[in-house]
Each structure stands twice: as C-alpha cells, then as structure tokens.
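Below, each chain spelled out in residue letters.
2 protein chains.
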Amino acid sequence: MVVTQTDGRKRVVIEGISPLIDGGRFPAKRTLGDQVRVEADIFTDGHDSIAASLLVHREGSDEWTEIPMQPLVNDRWTAAFRVKELGRYGFKVQGWVDHFETWNRDLLKRIKAETDTPVDYLIGADLIDAAAKRASGSDAKWLHNLAEILRSDVDRKQLRTHATDPLLHEVALQYPDKRFATESDHETNIVVDPPHARFSAWYEFFPRSTAAEPGKHGTFADCERRLQYIAEMGFNVVYLPPIHPIGRMFRKGRNNNPEAQSGEPGSPWAIGSEEGGHKDIHPELGTLEDFHRFVRKAGEIGLLVALDIAFQAAPDHPYVRQHENWFRKRPDGTIQYAENPPKKYQDIYPFDFESDDWLGMWEELKDVFLHWINQGVTIFRVDNPHTKAFPFWEWVIAEIKRSHPQVLFLAEAFTRPKIMYRLAKLGFSQSYTYFPWRNAKGEITTYFTELTQTPVREFFRPNHWPNTPDILTEFLQIGGKPAFAIRLLLAATLGSNYGIYGPAFELLEHRPLRRGSEEYLDSEKYEIRTWDLNRSDSLRELITAVNFIRKNNEALQSDWSLRFHPTDNDQLICYSKESEDRSNLIAVVVNLDPHHTQSGFVILPMDELQIPPDRAYEAEDLLTGNRYLWHGARNYVELNPANLPGHFLKIHRQLKVESDFEYFL
Amino acid sequence: MVVTQTDGRKRVVIEGISPLIDGGRFPAKRTLGDQVRVEADIFTDGHDSIAASLLVHREGSDEWTEIPMQPLVNDRWTAAFRVKELGRYGFKVQGWVDHFETWNRDLLKRIKAETDTPVDYLIGADLIDAAAKRASGSDAKWLHNLAEILRSDVDRKQLRTHATDPLLHEVALQYPDKRFATESDHETNIVVDPPHARFSAWYEFFPRSTAAEPGKHGTFADCERRLQYIAEMGFNVVYLPPIHPIGRMFRKGRNNNPEAQSGEPGSPWAIGSEEGGHKDIHPELGTLEDFHRFVRKAGEIGLLVALDIAFQAAPDHPYVRQHENWFRKRPDGTIQYAENPPKKYQDIYPFDFESDDWLGMWEELKDVFLHWINQGVTIFRVDNPHTKAFPFWEWVIAEIKRSHPQVLFLAEAFTRPKIMYRLAKLGFSQSYTYFPWRNAKGEITTYFTELTQTPVREFFRPNHWPNTPDILTEFLQIGGKPAFAIRLLLAATLGSNYGIYGPAFELLEHRPLRRGSEEYLDSEKYEIRTWDLNRSDSLRELITAVNFIRKNNEALQSDWSLRFHPTDNDQLICYSKESEDRSNLIAVVVNLDPHHTQSGFVILPMDELQIPPDRAYEAEDLLTGNRYLWHGARNYVELNPANLPGHFLKIHRQLKVESDFEYFL
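Respectively, the protein sequence lines represent chains A and B. For the first sequence, the residue numbers in the numbering used here are 78 to 742. For the second sequence, the residue numbers in the numbering used here are 78 to 742.
Hints may contain errors.
Identical copies look the same in the list; a pair holds intra-copy or inter-copy alike.
[To be verified] Derived DSBU-like pairs: lysine-lysine, alpha-carbon spacing no greater than 35 angstroms straight-line:
id : residue 1 : residue 2
1  : Lys255    : Lys558
2  : Lys255    : Lys186
3  : Lys518    : Lys356
4  : Lys443    : Lys420
5  : Lys406    : Lys186
To be clear, the hints were calculated from the coordinates, so they are not data collected in a lab.
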C-alpha cells in the first residue's frame, strides 16, 4: 500500500454505493425524467460530524452538479437527481469531516449544560475565519466579522447569540473544508434511454402475410394498411421480422421441411441472396422508398418501427463471397454451417467471432445498424445475441448509443439466467424473459420479485411476451381463449413493457406442429399466412381495452413498484402497482385457471398501500366499469375465465362518506 | 471502451467470483492449513465447451499454481486450494473456449447418431495437431501421429476408435489453446494467519491485582505465579491491560472519581508520565527483564501474551512535550483533551490524525508495535481503533504483517456495525462483537447467522466476551451464578474465539457502579483489587471443563459450520457444529433462563447432519458424561440452570445395534 501526502488524512470512508453494478463495471439504466436515488455508507472515525455530496455530470463533461446528501439510518446517506437528457451520466460520492459542524453541535450541548467557556468561542472563531477564507465577497466579509465578534470582549450572552445564529450555520456550511475529502473509488455510470424503453407495447407481424389476396406475398404498401389496425389496439411499437433478401440454398419449406418446394418463400431469418444482404430489402416486399413510406406512416400514427437484426448468413449471402474469412472453414474447403449435433442447419452460416478479421467484421456489423438508423429505425430486436461474442455487444451498443442515444436494443436471448443478465449489463436496453413459462402463482411471484425488487432491475429491463413465432406455450395450446386472455392481462400489467406476436395472438392461434412441440403448425416462419382480422372470437377488443388502461394509468407504466399480495386461493394471483407520486394505485387480480371459475379473498396491505383502514374505499374495475365497495384488508373476488379472467382495480383511497358533507351550511 | 487486438476474441465471461470483498478492495482471511474454496460464474456465447483454471500464488511471486476448475450448476465453477504458509496469497480465475473438447463432445453425439463423416475427423486432426504444437517431447509426437491417422485412409471403425481414445482426450486437454483466454479483472488476496487466529481462549487480568498481600501493587513476578492458574483452566492467550507508566495529571481515582487521592494507582489507559510512554513499563510492575521472564514463562506453559495498545496520551506523556504537533492545539495554547460534550476526559489527549506530521506520527505508532514484537509479543488487543483514522490501520497492519505475518490484532471497537466491519476489512485479525448484548434466542440466532453464514465471515473473525472491564451486562448483574454459566457456555461454543475478564468472571463479580450502569462497582480500572481465587463458588471448574472439551473437539475450533436448530421452547437454544471432515459433530443445547428449569423438544435436521433416521443414535453430554439414546429428529431436553444450564452433546451417528453383532461366528 502506497501512502501519498494526502491519503493518510482522508478520514471519511465511503462504501456500499448503490446503484453500482459489478463494482462499477457496468452502467445502470434509467429513462428520461427518472429519478436516480443514490445511497452510500459514509462514516468516519471518532465522533466528528461529517458531510457528504453527490456529484453528477454528463459523462465526459467537466461540469459537475453538487447535491448535498442526507443521512438515513445506520450510516447510510442518500441524495437523488433527475436525468433530463438522453445518453450517459456519471456520479461519484464525496464525504468529509466537518469541523465547523462538529464545533456547532458540541457548542449547543455545552450551552445547554452551561459549560461553555471563552476558549470554545475562540475555537469557533478560527473555524469561521477559515470558512471566510474559502468564501468570497460579502459572505467572506460577514463570516470574518462574526469571527472577530467571537474573539472580542462581549459577554457570554452575546457570544451565545452570535455563535448560534442560524444564518451563521447556513453560510459557513456553504464553504466546507474539503482538503481531506474522500471520493468514491469509481464513477458509476447511468445510461438514460427514451421513455419507451420503460413503457412500451409491441406488436410483431410478418410483413409478407398482409396482402388482401390470400396466398399473395404482402408488400410494405399492404403493411401500411395494417398500421391503423395495430394503432387502434393501442400499441406503440411495430416489430418486423427480417426484411432482407432470403437465401435460396438449402431454403426451408413449409413446417420446417428441409427442402422447400419451388415457390415457397423460405425463412426470413435465412438472410442473404444474390439480391443482397443485411442492408438490403427483400424485393417482394418493395423498395427502400416503400420502406421509408412505411416508417413515415407508422410515425404519423404514433408507432415506432423495430427491425429484427439477425447476424447470420444464408450460404448465398454476399458476405460469404466477399468475406470468406468471417466464417469458419472446414478442412475440406466448405464453410461450417450451424449445427447442434446431430441436428444440422445447413441454410445458416454463423459468423466466426474468432476470425482474424474480427475487427473488420465488427465494423461492418455496426454499419448494418447505422444503415437502418439512417432509414429512420431507432429500435432493434436482436436475434439470438447469446450466440455472438459478448465483447462485440458491449462495443457495438456503446458505439451506436454514443451518437444515437435514442436507439434501443431488445435482446432475444432465451437462455440460461446468467447469460441473459450479462447481455443486459453489456448494454441491451430491453430483454425477453422467462414469462412465457411462468404460469403458476409461486413461479410468477418469485420471478417477478427477482426482476423488480432486487439489484437486477438496475440493468435488466424485461419485455414480456405471451407468444412469439418460436414460442407457442403448452398453456396457450390447451387453455382456449381464456388462456390467451389470462396471459395478456398478466403480461400487460406485470410488465410495463410487453408484446404479442399477432395476428396469431388475437386470433388465438394455438395448434402446435406436434404434441410436445412449442412450434406452430403451418408456422409463418416458413409460409405466407392469411388472417381474418375481423373474426368474432378475436381478442382485439380486450387488447384495446388493456392498452387504453395502461396509457391512462401511470402505475402501469413502470415496474419498480410491483408488490404481490396474498390470496387464499392459489389460482388467484393479486398484485399492485403505484405511480411515483402514489396518486395512481392499481390492484390486479387474475384467475390463473383457464377452465374454471375461481373465488377467494385477496388481502391488501392497508398500511403499505396507504389505504385508510377505518372507512370503506372503492375498487373500480377499469376493464368492466364495475365498482366495488371494499372494507379493510380482506375482500372477496370471483372470476369466471369464460367471461373475463381478471380485474384491473383502480383503488380510490378516499371515498366520500356521510361526515364529509357539510349538511348544516 | 477501447478495443485492443486481443480483447474482441476473448469470448469467455468470468463474474461473481467468491471470495471477493468489496470488489477485491480487501483481502479475505484464512488460517494455516485452511481450504480456500473459490467459485465463479463462467460461461461463453453459443454452444462451445469451455474450460477454466484457478491460478494461485504467494503475493508478489511469479510462481503460479494452476488448478483445474469443475462445473457445478447454473454456470458456476469451483476449485479449492489449501494455504500452507503464513502471509498473503493471491488468486485469479482464467477461462477459455476449448475447441478440442467441443469437437470431442460433438463427435460422440454424431457417432451415436451414425452421422459422423470424414470431414469431422479432419477437423479433429487439425485440432490435435494444434495441441501437438503446444506440447513437447513424446506428447507432441504422439498427438501428431494420432492426427495423421485421422487424416489417413483407415476405415470409419478405426477412425472412431482412435478419435475416441480416452488417452487422446486426457493428453490433448493438457495443451489447451489459451490465446483468447479471459482472466478475472482483479486478483483476490488471502491473508493467512496462525491457527490461534481461528481458535483461541483468552483470559484478561490486571497485572497489578496479583500480589499475594492485599492492597499491594502486583508485579510481573506475581503475574508469573498467576500463569499456572490460567493455563490449568485451559486458556491459551493471556491478555494484559496497558503495562506502561500511568499519567499523574488529572489522574482518576476510585470509581472514576475525577480527582485521585494520593497513592491511588490511576487507570492503566491514561498512558505516559515522566517515567516514559508506550514503549516503557510501569515501574511498579517491574523491569523490561521481568516482562521478558513473564513472556517466556507464559510460553513455556502454552500461553501467548497479548498486550493492550491504546493510542492516546496522558497530559504528562513524553510525546506531549516531544511532539506537540501530534495533538490538537486550542487557541488559548492548551491541548485539546478528549471529550463527549458536556463530558470531559481531561486525563486523555487523543492523537490528531490530521496533524501536519501525520506521517511521522504513523511511523512512531508503528514503532510501538515493533518494539513489543521485539520483546516477544505477537498479539495486540487494540483499544478503541474506531477513534483513530481508518487509513492508519490499513497501513500499519499491512506494514507489520509483511515482516511479521504471525502477529495478530484484535479490534476493541464496540461501535456501529459498518464501522466494526470496516476495521476488520482493513486488516484486524479478530474483532470484539455484540455478543454481550445478545441474550434472547432470536437475537443470538440472527446475529450469529450473519457472522458465520454470510460473506461477513470472509473478513470478520469474531472474538466473543461475556464480560470485559468496561462491560458488566444487565444479564450478569441480575442472573446470579447461572447467568455467568450460561454466558460462558454460549461464548465458548458459538465462537471458536472467546475470552473472559478474570478473576472477575469466574468469581461472579456482578455489582454495578449504579443501577443502569455497565460499569463495575470498585472497578479494577481505577484501583488494585484482591481476589480469592479459591472461593468455593468459583466457576473455575466449569471453565476448565469447557476449555478441555473445546480442545478435544475439532467441531468447536471453527465457526463456519454453525447451524441453529428449532426447539419448541424459546428459552432453549440449540445449535450444532461439525469438523471439516464431518467426523466430529457437537450439538449444544442451552437454557437461556438463569432462573428456572426449562424443558422441551429440540429438532435436529437428520438429513443435513447425516444422522441415520432409522435407528437410535447416542448423544453423549461431554460436560456431565451422561449418555442419552436419541431417536429421530425430535428429542426431549430438560435443563435446570441452578445445576448446569447446558448440554454439550457429542453425537455418535453410528450406534452399534443388535444386528451389527455377528452372533453366529
């Protein structure tokens, strides 16, 4: 341990800073306008008073804002700031021994005990003079004068009056002696994203399945016509599977047939053909101009466009000819296709992240993002990021967000927990989750508590999907329409970010390829589908209602306030969310059983939710408009899934009762 | 983020390393011969196999030992090593993608599915040849030959035989391709202390209270005679309050009287007079020669001597004249004494750790330790370390342990939790604890679980004291002899390190200065006391038994195996400890009520403790010699505190039963 001339006198300790991810290795995430509450353990030896500041700046800037920290209990201190610009912030914590405050505190005790002596005031005079030297202008003069008074011949009563002047306290503390201040070891960084990183409703659809004429390949013009339908349901992000030319070599046919019949369209994820690669548009969808018009139209009606970025190549992708060394060569001269032995995916060549030209490859892949950003795209859903090298993601996301801080990346990694969390730490703005497979009350409670009530929430922003083109869960296969409704209600309220793959979702598509599989029969991944959007059993109306309620209730627009509440029936789950100012409180009750009516008592923590325990309050069901008069913590609920499997209850804490009216006026 | 030429291809992630204290800022603690179990989360992108190593060295040495890590579950890996020398070790973790192992794993699947093709063997040949290039001698040759065989014209059966040769697997994995290996960001350090840092029984006594003649000032010669008494009780550390000249200015009298009467001896913690300071011996105790003889005598009968180091000065300490700038001057020219307004401690001058000459002062204080180390002292009990600057402790302990790794420091800080933990992180080998004030079952369970089952145990080594010269708890004041016995049994079994302040403890000294005070009436801190060691009510015999049992049962010699077990009576506490090899299992049951007999059922977790659930087992009470035949998890216990308030039960898991005997031989 090397001791420098100042180290030894830095008596204040700063530790246990939060937020702090992996010791400061990764930034925490916030959205525009959020409050960042910083805490730290700050203390010193002995009995001296200390003071502490939170120092905040835009990353890279020399302009720091200083915010005084306040003590909580057990040597924990706190301060908060709001992030008002996109991009990166940084903060550090500073603490120091405050001799003036120590003197002031002790003097008050001495005066109370009538043990103050002239030397106590002389000590104060020296401290005040030192503060005067750090001050300037009128403060300096005023402090110096006060010091002189404490040194003069005035009587004890006057000494006391001057020394305990609240103004003295206020002014002197503005000029602290920071010569021996301690600073936190590392700067913590905060990435600030646009608000839709926190609150978004996604709608995924296959552009080619939008033509009016059954079986015909849809175009961007058809997609434009689809936008109104999506916007009316209340979504704010439309996400398209890859829109690039589709490989012809080893093209997959209907229901993942290894050999496509002539005319079959292939999988959009087998990217690249002689028509182009990741920066090009599949000719049957239209031109770049058509795409521009589609993006513009979406924007006009409040929809952001998210593109799918899948970094892999079909064998006929131009990269394969132009950059042979980005792929792994086998000893027989062929290129290694993707496989999970004994399964082979000969239509897909993975990039080799151990390539000698990895840096050149990284630059080109970054350029793919930049290309689409230049076409007006600001959200990317990244396909299987966990099969590409982790250092690449940290680099490429940081590079892009430096110049385009509004851009978001959604990680489509359905893999082991630590890998999913690592990708989020590396920079992904949102992440898919295990939600599709969390159906029972205990599973949901445990998982969502981990996501919203532990430090995981600092870096991992969940985006919950009841279905995707790859995931048709057993629950949806067997539960009928109520199952779809249940999963919708849960996704949209447990998560401020959620999405559905439509029209498969609203049209209750539930037939699996075979028993035990989560693949769809006649999956859109391999063929063009035609959907009757006006079917009478569509969930469209319920979806519209749910999204409308989300938009009008701030409580449902973030996840950190999520709290689960007991019920006496394991098929009934109950939880609540609140707005930051606590004025908007929503309690959700869902029947998890798609087959039977379930009933029971839900128990709300009156104290924690600030519901007055001594009078009735109103629970207004925002889905049905029904109003319930509830009393106390325990209230009865009954939900028939065939009708509607959940309540979204807006809790009106204050209900006017008789005594509120002034009869006698 | 700067990307270097190698970073981008380091595909393995290493995180969540344990032990790791504050991100590697502080070392973990172990004792000689301990096992250090290291764990880390290690994974990579995609589906490649990975391998990992733990690299260990003595701090500063270039010689690293490499230990292969083994996977557990959920991407967690582990390896362990034993520390065989005092001083500091360091370790790091290394992980890499293993292409040979990936090929080998996949080939086995292909062979099983009958899909292996010639190119698969060519790929293997290249990987084996690459390993051959990293190998040398016969391994290199052998590997190269095998690669050639895989490239030759042999039939598939032979290819399979050669490629799946277990010897190939074994040899090739010895020469991994670590070009793109990832290393953990920080080296974790381990401080290795002597075994008595983990397992010790301390006995504190005032040297001046040892004279045979009542009222006479004891000498080191008297202390020598006291050693046998202490050793016979089974202690291994004798700790002496300060042995330095005692200040005369503002000397405190009997019962902390602000003014001493002539002839009163003063407090040993008011250090320094014209006879000398921290490196000198109080003349009435004897000479340096006498002290040497005392230390030697102690060593001969198995006792280590611990000295009290209290860094503060009486007004007549030589430092005050020689180093005026080590103390804070007041504007009237006087030196600032210690105070806690309105209380004044005019007999004590604290050092000013903000002194301009702080570095000179640090060097001198370090020299105090070195001085006593040169006199044969290897343990220091440091008085109120929390009122001295934290950076000083980190520096001085590291400095001293660099050349004297056997030296231990016990932190006497009874203060707020985060400060106590910080001192331990900074280097204190052992720490006093809140044990004196943890009396109820819930309090004890919570506190000792925190100390022994959380990461706190990596740096904080508890030393539990039922009493000290400053602490006479209410429990001891009101509980009579059973209270002393209860606290002894708890301290000595909950903690592998414990201590008592005697003879006050064994002679049941329990009269407070006044009601509500934890100070003793007629405290030895301010006067010479005479003790009748042969009093019939002495706890000497019980203490002897307890220390004997600790010495003979490895289970009680460390704390990490401590587990609490349920009882159906809140006045009965039950817990167990095991030896590392699990052969020695001790269950302790204590009646926490000093006044009444308490009884109830204790419930042992049969599975966890590896007790066969289907036959009787023996619980042998080591305190009484009584043997109980227990069945199953629930067994009845009854303890009369007037007799003996606890059981120390040695559990004999295997009890011979009828069927074990071979009647028919």
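Query - Unsatisfied constraints (hint numbers, rising) - result: Failing hints, ascending: 1, 3.
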